[in-house]
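Protein chains in written order, with our numbering: chain A, 1 to 316; chain B, 1 to 234; chain C, 1 to 582.
Since the hints were made in silico from the structure, they are not lab data. Be aware that one or more of the hints could be misleading.
Here are some, though not all, of the chain B residues that point toward chain C, as calculated from beta-carbon distances under 8 Å [what the hints assert, rightly or not]:
#, residue
1, R19
2, L22
3, G164
4, A168
5, Q192
Heads up, the beta-carbon is just placed ideally off N, CA and C, and yes, glycines get one too.
Residues per chain are reported as follows:
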Amino acid sequence: MRERGVRPEEAAEPADLTLFGYPLEIWYTQLFIGLVNGCILILVALGLSLVFGLMGIINFAHGIFYMLGAYAGWLTVQLTGNFWLALLMAPLSVGLVGVVVERCVLKRIYGTRNANFAGVLVTYGLAIMIPDVVRMLFGRPGKPFAVPHELSGSLFKLGATEVHTYRVFILVVTALLLPAMWLLLNRTNLGLVIRAGTSDNLMVQLLGINVARTWTTTYAIGAALAAFAGVITAPLVAVAPEMGALVLIECFIVTVVGGMGTFLGVVAGGLLIGETLALTGMLYDVFADVVIYLAMALVLLVRPRGLFGQEGISEE
Amino acid sequence: MLRVEQVDAYYGLSHVLQRVSLSVAPGEAVALLGRNGAGKTTTLKTIMGVVRARRGRITWNDDDVTALSPYRIVRLGIGYVPEERRIFPNLTVYENLKMARLAVDGGRHMDDYLDRVLALFPPLKQRLTNKGRNLSGGEQQMLTMARSLGTEPKLLLIDEPTEGLMPAFVETIGETIVEIQRQGLAVLLVEQNTRLALAATQRVYFLEKGAIKHEGTSSELAHDHAVRQRYLGV
Amino acid sequence: MKGLLLAAAVLATAPLYADYTPFYLGLLTEVLVFGLFALAYDVLLGHAGVLSLGHSAFLGVAAYTTGLMLARLRLPLELSVVAGAIGGLLTALLVGTVVLRKRGVYLAMLTLALSQIFYYIVLMWTPVTGGTDGLGNLPILYTSWPLGLRLSKRPITRYYVVVIVIFAAVLIVRHMLHSPLGRVMRAVKANERRAEACGYNTRRVRLVAFLISGFFSGLAGALLTVVLEFVPIENIHWPMSGTVLIMTLFGGTGTLLGPFVGAGVFVWMRDFLSKHLEYWEIFVGGAFVLIVLFFPEGIVGTAFRLMRERRRAPAAEAPGPPVTEPIATATPLAPSNDEPLLQTAGLTKVFGGLTAVNRVDFAVRRGELRAVIGPNGAGKTTFFNVLTGVLPASHGRVFFKGRDVTQLPTYAVSRLGVARSYQITNIFSDLSVFENLRIAAQSRVTHYRCWGNAERLAVVNARAEEMLRLLALGPKRDVRAAELSHGEQRYLEIGIALATDPDFLLLDEPTAGMSPEETRRTADFIRKLAGRVTIVLVEHDMEVVMGISDRITVLNYGEVLAEGTPAEIRQNADVRRVYLRD
C-alpha cells in the first residue's frame, strides 16, 4: 500500500542544508509521505483495535475489508466515473459485508469454549477465501485506479519536490475523520456502550442493552473504516486482491506499539510506524521493512502493553 | 410478580440449583439466606438469564421469562445489583448512570433520574465526573445500586450489598433498601449480614446445597435462633 | 504401538501400490514432510495450547539454512539437514522469547508479525538467498557424509530416506509427549494458573514447547529442501503458517495421525482440486471455516470420537462405589521451634481506591493450624493471593522460612514448599483425577525431563496413589476431573495442593458449598492433616473454625482485628460485635 521514498539522486538540485547526507527538503518530503502513510494505517488499525477491545477477537479478515473497499471504489468508478460516489459506496457496501460476516459467521462462536481462538481461526479462513473470490470475479491482475482529475497535480512545491494534491487530500480527510470518530466514541450513546462493553459486556446487558446489536454495529464500522482507507489509498497503489494482507500485518504492529484497544495508542502507533517506514525507506532502503518489526519486538520487550496501553486490557 | 418454579441450574458439570421455587409479590421485600456456596448468587443469576435454567420455569407477571436474554429480562422490569458491583471503571460516574438510561429513553431525560438517585445517595453528587475506578468501595456500592434503579425496575435483585463495607456504610445501605421498598419496588436480597437482611425484609428463604430448605417471615426468624443456627451456622 | 507398526508397514510398501511413478511417490514424500511440519505445529497448538501463526519462519529459516549449507558452503547432506533443524530451533527461541510476554490471540498476532522479519531478510538479501526467485542449484545434494554414499537421484531412494527420518522423528515426538515434560505441557494447556501454583514456570514450559516445535518444524523444512531440490520463497512467507494451521486443524489436533491426514488432504486439494477449480483457495478457506465452526476436532479427532462412542455405548458406565470419607495418616511433624514458618510485616494491598489488605502483621509457627476469619470482603482471599505471589504486594514483606519471598513469582513460592487450595474450584478439569494429582506431585521431581515415560516415575506415582487413598478418590482414578461431583472436586482441590508435598498449606474455604455432613468430614480431615503440615485456613463455618484451629486471626476491612485461641476469640468483644453479630 505504501510508496518508497525519494532517493537523494532523484532530487533535482542539491540543497544547502543536509542531515545525514540528505537535503532537508527531502527530509520534509519523507516526513510528509510518512504522515500520509500513517493516516491510512490509523484508519485501518482503528477498526481492528475497536473490535478487539469490544469483542476480544483479533480480526484477521480486517485486511480483506480494506481490499474490498478498494475494489468497491474501483467498481463504482468503472460504472459511474464518479470518484466521490466511490468514496461513499466503498464504506457502505463493505460495512454491509461486515454485518453479514458478523451475523453469519462470528455469531456462531460467541460464548463457545475458546471463542477468541475460534475467532482468529474463522477470520483467518475468510482471509484466505475472499481474495480468491475477488480473483474469480475480477481476475488476477491488479486494477489501475486513477487519481481523480480534481485532485491530480501538485498543490505547491516544497523546495525541489512537489506536494501532490491527492496526498494533502488524504491528510485532510483523515484530519476530519479522526475527530469525528473520537466524538462518536466519546460523545454518543453508541460510543458509550462500546466503551462500557470494552470493560464489561455482561454488565451492559444487565442494564437492558442489546449488546449483540452493538457488536454488529462496531464490526461494521470497523469494516467501513478499513474500506474507506482502501478506496482512498487505491489511487496511490494498484488495486489488487493481495493488498489486504500486508496492511493487516502493519496494523498489527501499529496496535502492538501503540497499545491495543486505545484510540490514542492507535493514532500514535500509526504515525510512528508510518514515519518509521518513510524515513528508513530513505536512509536504508534495503532493510526498511525489517525495522518496524524490530521496533515492535523492542516495544514488547520493554513495555509489553504498548506505549498507551492500559494494564490488563491487552493481556489475554 | 416473580415466580420461580422448580428450577434446576448447573455451572459447568456440577449441580448447583435443585428444584428451587420461590416467589416475590409486588412491593414485597424478600431475603435469600444461606451459607457461602449454597447457591444464592446462582439463583439471582438464573433469574436474570445469566445462568441458564436447565429445568423448571421462571415467570414474571405470568409471562414465561425462563429462556430470555438478560437484556430482555431487564427491560421487562427486573433490575440487578451484582455482588462484584461491576462499575465500568473507564467511565465516569455520570456515564455509568447514563448507561442505565439508554434502554429506557436513550439518556435524554437524565435530570429526574439524577435527582432521584442523588437524593438516595448524596455522596455521589460530588463524584459525577470521577472515573469509576477511582471510587471507594462504599461509593462503588452506591453507584451500582443507583445505576440499577436507572432501568426503572419493578423488582430489584440485590446481591451482597454490604460486602467489604465500613460499618457506617452498612447501616446506610440497609436504610436505603428500606427506602427503595418504600418507593414501591419489590426487593429480593441476598445478604451475609443476617440482622440487616431480617430488618429490611418481610419474608425469608433459606438455601442449602442449592435447595430451599426453609421459608418464613422475617420477624418470626429474627427470634428463631435454632433455624438460623442450622442454616447459617453463625 | 499397533498403529505405528501398521503405519510403518504401509509406508514401507507404499511404493508398490503408488504405481511406482515418480510423480505420486514425490507427492507422498511431500505429504509426509508436511505431515511432520503439522505434527511439530501441533506440539505447540494441541499439546501446549499455544496458537502460532509464525511457523513459516521456523520452516523457512531451516529450509534456507539447509539450502545455503549445500549450495554455498558445499557441506554434506546430513550436516546440512541437522543445521537446518537447529536453525528452526534458534528461530523458535528468538520468536518465543518475545511473543511469550503475551498470551492467547494477542500472542498469535505477534507470531505472525515477527515471522515477517525473516521473510524480509530473505527477500532483501537477494545475492545470498536468491530473493523472490528462491534458492536453486543445490549441487551436492546427493553426496552423503559420513556414510560417504552417493545417493541415487531415484525418487524411491529419496522416499525411503525421508520415510526413515520422519518415522524416527515421529517416534521421538511421541516419546516426548509421554515424557514428564509432555505432561507438564498438557497441564499448562488445561489450567495454566493452577500449573503455576504447582511450581511450574509456565512461561518457560511454553518456551520449551516452542523450541521442540521449532526444531521439528526445522527438520521438516530441511527435508522439504531435500525433496524439492529447491527453496521457494513461499516456504518462509506467512501463508505457509496458514497452510500448516489448516493442515493441522483439518486432520485434528492432539493426535499423531491427524497432522499427516491433514497434510494429505491439503496436498490433494492443492494438486488435484486446483486442476478442476482455478480458484481452489475459496474451497480451502471455506472448508477451513466450516471445520472450525462445526468439526473443531478435525477429521481424525471426529473419527476417533465416533469410534469411541460406538465402542462405549453398550458398556454403560458402571457406577463406582460411593466415595467414603477421606482418611489422613498422621506422621507427626518434628516439634516446632520458635521461629515462625511464615511471617508478614506491614503487608498491604491496594486496588484503585480500595485497601483490601491493610498493614497486616501475621506469623504462623511450624505445625500450627491457624484459621483466618472475617466477614465477606474482609480481604482474606486477597491476603492469600499476596502471600502466594499471585498478586504483588503494594507495601510490606512476606518471609517464609526466614527468606524474603515478597517479590517471588507464584511458581517459586510453590517450590519453596507453599501450596494452596482455591475458594473457587481450580483443578485441571480436562485431565483425569489421577493425572491431576500426579502432575502436582511431579513438580517436586522434574519439570523439563523430556525422556522416559512420565507414568514410570516411581516416587511421583507413589505420592499420587497415596493422595488418591487419602482422599478416598480411588474409584474415580481415571475419571475426568470435570465429571466429579462438587464435593469430590473440592477434595481434589485440596489433594492437588497436598500432592506437591508442602510444608505450608493455605486452604481457602475448603468446605464452600458442602453439606453439613461433608463439612464435618472435611474438618476432621484437615485436623488430621495438621499433624503433618502447617495449615492456614480461611473458613466461614464457625463450628469448623472453633473446632479445629489452634489459633484464630480475625480480619476486618483488611486489618487484623484480633488474634488468639478459639476461646479467646469467642470472648473477644470486638469480634462479637463486628463479626459474630449475634
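Checked hints:
1. R19: 16 Å, violated
2. L22: 19 Å, violated
3. G164: 2 Å, holds
4. A168: 11 Å, violated
5. Q192: This hint holds: B:Q192 lies near chain C, its Cβ roughly 5 Å from the closest one there, short of 8 Å.
Violated hints, listed in ascending order, are 1, 2, 4; each of the other numbered hints is respected by the structure.
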